[in-house]
Amino acid sequence: MSVVTHAEKIVQIITSSSLESRLVDTFEEIGIAGYTVFNVRGDGDTGIQDSHIDGDTNILIMIVTTPESYERLMEALNKYKRKGQHLMVFSMNTEVLY
Amino acid sequence: MSGFDSLLIPAVLFFALGVFARLIKSDLKFPEGMGKGISLYLLMAIGLKGGAELAKADFGIAFQSIFWAFIMGLVIPMIGYALLRFRDRIDPFNAAAITAHYGSVSAATFLTAIAFLETSGIAHESYPIIMMVIMESPAIIIGLVLAMLARKKLAKSKPAGEGQEVESLNTGALLKEAFTNGSVVLLMGAMLVGALASPEAMEKVYPFSNEIFMGVLCLFLLEMGIEAAKRIKSFKNAGATLISFGIIMPLIGGTIGVFVGVTLLGFSPAGAMLVAILGSSASYIAVPPAMRYGVPEANPSFYLTLTLGVTFPFNVVIGIPMFYQMAIWYSGL
Numbered sequence: 001m002s003v004v005t006h007a008e009k010i011v012q013i014i015t016s017s018s019l020e021s022r023l024v025d026t027f028e029e030i031g032i033a034g035y036t037v038f039n040v041r042g043d044g045d046t047g048i049q050d051s052h053i054d055g056d057t058n059i060l061i062m063i064v065t066t067p068e069s070y071e072r073l074m075e076a077l078n079k080y081k082r083k084g085q086h087l088m089v090f091s092m093n094t095e096v097l098y
Numbered sequence: 001m002s003g004f005d006s007l008l009i010p011a012v013l014f015f016a017l018g019v020f021a022r023l024i025k026s027d028l029k030f031p032e033g034m035g036k037g038i039s040l041y042l043l044m045a046i047g048l049k050g051g052a053e054l055a056k057a058d059f060g061i062a063f064q065s066i067f068w069a070f071i072m073g074l075v076i077p078m079i080g081y082a083l084l085r086f087r088d089r090i091d092p093f094n095a096a097a098i099t100a101h102y103g104s105v106s107a108a109t110f111l112t113a114i115a116f117l118e119t120s121g122i123a124h125e126s127y128p129i130i131m132m133v134i135m136e137s138p139a140i141i142i143g144l145v146l147a148m149l150a151r152k153k154l155a156k157s158k159p160a161g162e163g164q165e166v167e168s169l170n171t172g173a174l175l176k177e178a179f180t181n182g183s184v185v186l187l188m189g190a191m192l193v194g195a196l197a198s199p200e201a202m203e204k205v206y207p208f209s210n211e212i213f214m215g216v217l218c219l220f221l222l223e224m225g226i227e228a229a230k231r232i233k234s235f236k237n238a239g240a241t242l243i244s245f246g247i248i249m250p251l252i253g254g255t256i257g258v259f260v261g262v263t264l265l266g267f268s269p270a271g272a273m274l275v276a277i278l279g280s281s282a283s284y285i286a287v288p289p290a291m292r293y294g295v296p297e298a299n300p301s302f303y304l305t306l307t308l309g310v311t312f313p314f315n316v317v318i319g320i321p322m323f324y325q326m327a328i329w330y331s332g333l
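Protein sequences appear in the order of chains A and B.
Letter by letter, the first sequence follows residues 1 to 98 in our numbering.
Letter by letter, the second sequence follows residues 1 to 333 in our numbering.
The shape of chain B in the complex, shown without the other chains:
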């Protein structure tokens, strides 16, 4: 599957339908809380599937995957911060909050990438699933540290008593929340269940975790399409620099992911593409609440517009097939 064909999988078409529905101002909408419910299902299903696979996996590669996922989670946001701060284009607080989203991952993009591979019958390694769990949180730490440094610098440059109160946030509590975030706990827990349960018992769960998975993903992407299109009106507010960042950053993160997947972990092109998607996607579940409290100086409208309105559609439509082709090409070198 390549090029235009990759757009013709039901999940991507439903995403397009969601965007279209919003653009024609249709009254199509999901009941409140349904999107959150569906994403719980998706995380649980992917966790069960991944856990069952990982039970048979090589611990050496699993450990290496975890290590490189952690490194990617730290390095990608630092590159993003340097890009945003280049020539002082974006203020340090917005830069810190935005880049934290890019170091973390979007489970929906990752699941769409799996749908792309499974629809085409392409086998892939299951290690990227555990990498996804690991990459949820380190970027939050980077975002908080960068914002803390910016806050200190700002306090030094202003005379005492002027401007905002510089009081240290409870960073420990914030980090605990990042690592005990619901999506991280559910994904880890479901993986553990998948790994510990007997294969016979897991077969009973297959109708739930495997057979309806693609259909539920379609429903979820329909909602994501509606949400992405809602953000279009904020593009003007975000400005050309940020919108371009929403496309350039996934290209950089994805390229790093292809390198990590192929060269450092020795994955197949399909597995490397999944690592690329981890590198290129931007979180919209675990990171936004952490940044809203941890970096209140940043404007939430910017990071949500970028992650949901720019990077998510870019990855779903262009990134997934492009990184797959890139991984095939790079593996063949």
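Same shape as in the complex, but just chain A:
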């Protein structure tokens, strides 16, 4: 029996936890209902991010989306980038099992 999977996109965003609620609002606005958030640690341009205080807590948001929603999502995220917000956004093609 062969398993049927669907071609979708996976988008990952590394950013400050202070942006989480705003990003979630944006997801809702563009019709993305599901996402997963991880607390992550690291270092980079914005200094050490080790979850000691709210100001140095980074999160990784993972979204699996259809190719149509993907375009809208990337446009919305690009708006944040243009305002100077620090977001690392990367995406990959993925196969999803329903």
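Bear in mind the hints are in silico, worked out from the structure with no lab data behind them.
Fair warning: this is a prediction, and the values are worked out from it, not measured in the lab.
Do not rely on the hints blindly, as some may be mistaken.
[As the list claims (entries may be wrong)] Residues from chain A that keep clear of chain B, each with C-beta distances beyond 10 Å, as calculated:
(1) Glu8
(2) Leu19
(3) Ile53
[Said to hold, decoys possible] Calculated pairs, BS3-like style, for lysine-lysine (alpha carbon to alpha carbon, straight line, at most 27 Å):
(4) B:Lys176 / A:Lys81
(5) B:Lys158 / A:Lys83
(6) B:Lys176 / A:Lys83
(7) B:Lys152 / A:Lys79
(8) B:Lys204 / B:Lys36
(9) B:Lys204 / A:Lys79
(10) B:Lys152 / A:Lys83
(11) A:Lys83 / B:Lys156
Glycine residues also receive a C-beta, built at the ideal position from the N, C-alpha and C atoms.
For chain A, the structure is supplied; the task is to place chain B on it using the hints.
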């Protein structure tokens, strides 16, 4: 207690231990989230203690304390901004974000100052606790306004379509977040509980709010020591101007605090020292998240290095005993 003795209170020694542990690359570390949990306890305990005291307080002085705290919260960041922008040394966005931290307060520094007084058996007024609550937020407004002005100026100097998108941030939502910040809500709420609960009922809570307080503060400062030492590697990145600012600004803010405490509010040297610590300390709880979103052009590494790596250790080791001596001297004039 004066001079070197002031360093020999357990909380400060644990801070030194944290710095030492990090410098020798020890694997000593706190479980994730524990620091945040301990700071919730500390805010709650100080709120309960302060509330119980304030229930017996004079409303006239309490009102004056609130007024001057608000003024300090507005004036100190403006002085800081002028200093940072002197000869265009620091760009306006970083200057706005950094100075907002200095107008706000560090609860951990304030609690260490209380530990310094209580270990020595020196009585102090409880009004500075309510001043701490008031001073958490006004500086955020100043930081946001300064950054907004800088953004407008930048947009005018650049031809249309070039550079970053200048779109107004939702300032109202940002201010609401500043005033409903978790630490502000907890501190205010605990003070209210402390003021409303009957003294007999409050006695039952004393083991939690008073007796273990110093021990928990030691644990917290141990973690703060580790965190402060982590920032040392960012000193080079921040540069000499910013590092010097991290020491000069608390001296200015503390001196203003001594003046406000002694002359304007008529506090004892101990109470005036607590006001000085409010003026000299820099926030690392309420302000950084607000600046990360509100002033994204600024580099978070700069303000966190300054507040945690420079100003916090400076105040804990030098500022607290120094401002206490300054308040004694000034009160005697």
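A quick look at each hint next to the structure:
1. Glu8: Nearest chain B Cβ is 29 Å from Glu8 (chain A), so the label holds.
2. Leu19: violated (6 Å)
3. Ile53: Given a closest Cβ separation of 6 Å, the condition is violated.
4. B:Lys176 / A:Lys81: Answer holds: Lys176 (chain B) to Lys81 (chain A) is near 24 Å, not above 27 Å.
5. B:Lys158 / A:Lys83: Roughly 16 Å separates the two Cα atoms, so the pair holds.
6. B:Lys176 / A:Lys83: Holds - the C-alpha atoms of Lys83 (chain A) and Lys176 (chain B) are around 21 Å apart, at most 27 Å.
7. B:Lys152 / A:Lys79: holds (18 Å)
8. B:Lys204 / B:Lys36: It holds: about 25 Å lies between the C-alpha atoms, which stays within 27 Å.
9. B:Lys204 / A:Lys79: violated (54 Å)
10. B:Lys152 / A:Lys83: holds (13 Å)
11. A:Lys83 / B:Lys156: holds (16 Å)
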